[in-house]
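Chains as they are written, first to last, in this note's numbering: chain A, 1 to 434; chain B, 1 to 133.
To be clear, the hints were calculated from the coordinates, so they are not data collected in a lab.
C-beta: ideal position from N, C-alpha, C; glycine also.
Please note that the accuracy of each hint is not assured.
[As the list claims (entries may be wrong)] Okay, the calculated beta carbon distance ranges per label pair:
1) Arg63(B) - Pro319(A): 52 to 60 angstroms
2) Pro385(A) - Gln71(B): 21 to 29 angstroms
3) Thr86(B) - Thr207(A): 22 to 30 angstroms
4) Arg170(A) - Ser22(B): 50 to 58 angstroms
5) Gln71(B) - Gln26(A): 47 to 55 angstroms
6) Glu169(A) - Asp41(B): 39 to 47 angstroms
7) Pro31(A) - Ala18(B): 32 to 40 angstroms
8) Ala238(A) - Gln97(B): 46 to 54 angstroms
9) Gly265(A) - Gln97(B): 53 to 61 angstroms
10) Pro142(A) - Gln97(B): 37 to 45 angstroms
11) Ala415(A) - Ala67(B): 47 to 55 angstroms
12) Asp358(A) - Val109(B): 47 to 55 angstroms
13) Val79(A) - Glu64(B): 43 to 51 angstroms
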Amino acid sequence: MKDSPNILVIAIDSLRADHLGCYGYQRPTSPAMDGLARQGARAQQFVCAGLPTHPSFTTLYTGQHPITHGIVAHGPRNVLGRDAPSLPQILMDEGYTTCALDNLATGRIWFRRGFEFYIDPSMRHTVYIDVACEELNARAIPWLKSHGDERFFMMVHYWDPHWPFKPPERYQHLFYDGNPTDPDNHSLDAWWKHPLGAVARDTWMRTRDGLITDAAYISALYDREIRHVDDGVGELLAALDDCGLAENTLVLLFGDHGESLVEHGIFFDHHGLYETTLRVPFMARWPNRIPAGSTLSPMMQHHDVAPTLLEAVGALVPPEMDGRSVLPLLTGQARDGGRKQAISCECTWQAKWSLRTDEHKLILARAPDLYGNPERELYDLKADPDEHRNLVTEAGGLAAELEAALEGWIAERLAAQGRADDPLRAHGTSLNLA
Amino acid sequence: MDPTIDQNVSVEQEASAAFVQSYFDAFAAHDLPRCVDAYTDDATLHFVAGVYSGKSAIEEWHRERFAAELQILRIDSISSNHDSVTVDLVVASKRLQFFRIANLAGRGVLRLDGSKIKEARFSPRFCDPFEGW
């Protein structure tokens with residue numbers, strides 16, 4: 001334990017993988033994150049297990065899939081059990097000084113478990129997601145300087161790419177040169193009919209120049225926010241260097257979930273179990289342990305993070321954790337591993353399960369969605385990576401096979417916990433459709 | 001300090017608070033002309049992260065709130081400082097109900113220019129962002 005590394009986890013809200021340079025994006029959104037990826041390992045298929053933020057962060061900390069920890073949506077109807085494992089708590093018990101720069105504990109107290117220091121500058125805002133990376137860094141960097149001689153676990157939760165996208169003025173020149181409020185542009189008209197769109201139309205879509213009408217402008221704002229948070233990441237990593245801590249710090253960076261921009265008619269939010277929202281960036285840097293510039297193709301999920309970190313520090317992984325360590329993959333000690341299937345769920349605006357393999361994805365609805373999509377969707381991720389062509393009819397045999405695998409997995413996991421109810425059915429969505 | 005000046009300030013602040021109370025009374029009564037008339041011609045209204053500039057946009061904002069059946073359940077406090085008045089209140093609406101939010105605490109900060117509102121800022125007050133869910 002004496003030589004175990006410091007740990008810095010950078011979790012970026014609403015960050016989809018395919019809008020970063022290191023994942024092939026053309027716009028220069030992510031020079032700092034691209035640099036981090038070059039210095040370590042990058043996962044090609046890191047799949048969110050539970051949308052949106054609360055399920056995802058609970059999965060991160062517990063090392064459990066949402067079907068186990070039970071937090072399948074925002075809202076208080078489900079509460080995390082006291083007996084759920086806690087990564088920060090275990091690290092604290094292992095002698096780490098633990099620190100979170102976050103605000104989730106304001107809403108749900110379990111997000112504070114195990115953190116000796118919980119720093120929340122969003123208390124200065126009336127809307128907690130308005131907290132900017134500069135404010136978090138202004139508190140994280142002095143903390144690093146004053147605690148750098150201790151073994152630490154720091155978790156920084158940046159919110160910048162989460163809507164409403166309001167990047168600082170200095171990013172205004174990037175990625176767009178049209179007229180955001182052109183009255184002849186109707187690219188957002190479909191969104192106004194959606195309940196979330198109606199909220200956006202009456203709030204952050206209103207500017208001094210009028211109502212924003214151009215979807216491409218909002219997508220550019222999202223990219224500006226990525227560039228914004230990327231500068232924040234760069235500043236934090238530079239501080240780690242300046243403190244002489246980079247060599248012995250394992251840095252993980254990932255998105256908690258992605259973001260749908262306009263795809264599948266889902267505008268600027270993180271629902272729908274498509275690749276835009278499920279596939280997030282994941283990168284890990286640990287000098288002299290993780291080979292620089294490696295790219296990992298096996299599927300991984302957020303519940304694999306806690307076991308990975310515990311293995312890295314030489315701690316036992318509690319048997320209650322569902323995830324498995326991917327450290328051997330990261331360090332190059334193993335080439336095979338990862339998941340043959342990644343199962344995900346959402347239950348805030350929609351109630352759906354998905355089962356993803358390297359080649360296909362089945363999406364199964366537990367309640368009608370607001371877009372009129374079918375109850376079952378099947379996509380060929382190799383031939384149709386944007387998931388446009390639902391194959392559920394023409395590849396009915398495969399769809400049935402994947403559905404049986406998914407239902408079997410759900411039934412098995414529930415039986416193991418002595419439960420019968422599908423948590424998505426039991427919880428219901430957070431929309432009142434009556 | 002001259003006590004007369006203090007007293008004048010207090011009287012002005014009371015008048016500001018009374019003006020703002022009358023504005024919220026008009027809002028509660030869905031009295032659109034009175035609400036809009038409370039603003040200067042070049043006023044700006046900030047609603048969460050959105051901006052409504054000018055009387056026409058501000059009228060539209062009020063129409064939208066009335067259509068959403070926004071109700072002021074209670075006003076917790078009205079306090080004034082120089083030319084601004086801060087109002088803490090609790091609201092409910094059809095739209096909030098759709099998101100299973102029974103009610104929401106909010107804050108309005110209104111900057112006055114004489115007897116009109118020059119700038120209004122309305123925002124939720126998130127102590128527990130998911131309170132009521």
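Taking the hints in turn, this is what the structure says about them:
Remark: the range hint 52 to 60 angstroms for Arg63(B) to Pro319(A) is upheld by a beta-carbon distance near 59 angstroms. Our hint of 21 to 29 angstroms for Pro385(A) and Gln71(B) is violated, since their Cβ atoms are close to 47 angstroms apart. Distance hint check for Thr86(B) and Thr207(A): the Cβ-Cβ separation is about 25 angstroms, which falls inside the suggested range of 22 to 30 angstroms. Checked against the hint of 50 to 58 angstroms, the pair Arg170(A) and Ser22(B) fails, with Cβ atoms roughly 42 angstroms apart.
Distance hint check: the CB atoms of Gln71(B) and Gln26(A) are about 48 angstroms apart, consistent with the given range 47 to 55 angstroms. For the pair Glu169(A) and Asp41(B), the supplied restraint of 39 to 47 angstroms is violated, since their beta-carbon distance comes to about 27 angstroms. The beta-carbon spacing between Pro31(A) and Ala18(B), approximately 55 angstroms, falls outside the hinted interval of 32 to 40 angstroms. A hinted range of 46 to 54 angstroms holds for the C-beta pair Ala238(A) and Gln97(B), which are about 47 angstroms apart.
A hinted range of 53 to 61 angstroms for the beta carbons of Gly265(A) and Gln97(B) is inconsistent with their spacing of about 24 angstroms. Between Pro142(A) and Gln97(B) the C-beta distance comes to about 44 angstroms, which sits within the given range of 37 to 45 angstroms. As the Cβ distance of Ala415(A) to Ala67(B) is approximately 49 angstroms, the hint placing it in 47 to 55 angstroms holds. Checked against the hint of 47 to 55 angstroms, the pair Asp358(A) and Val109(B) passes, with Cβ atoms roughly 53 angstroms apart.
Taking the beta carbon of each, Val79(A) and Glu64(B) are about 36 angstroms apart, not inside 43 to 51 angstroms as hinted.
Hint compliance for this structure: hints 2, 4, 6, 7, 9, 13 are broken, all remaining hints hold.
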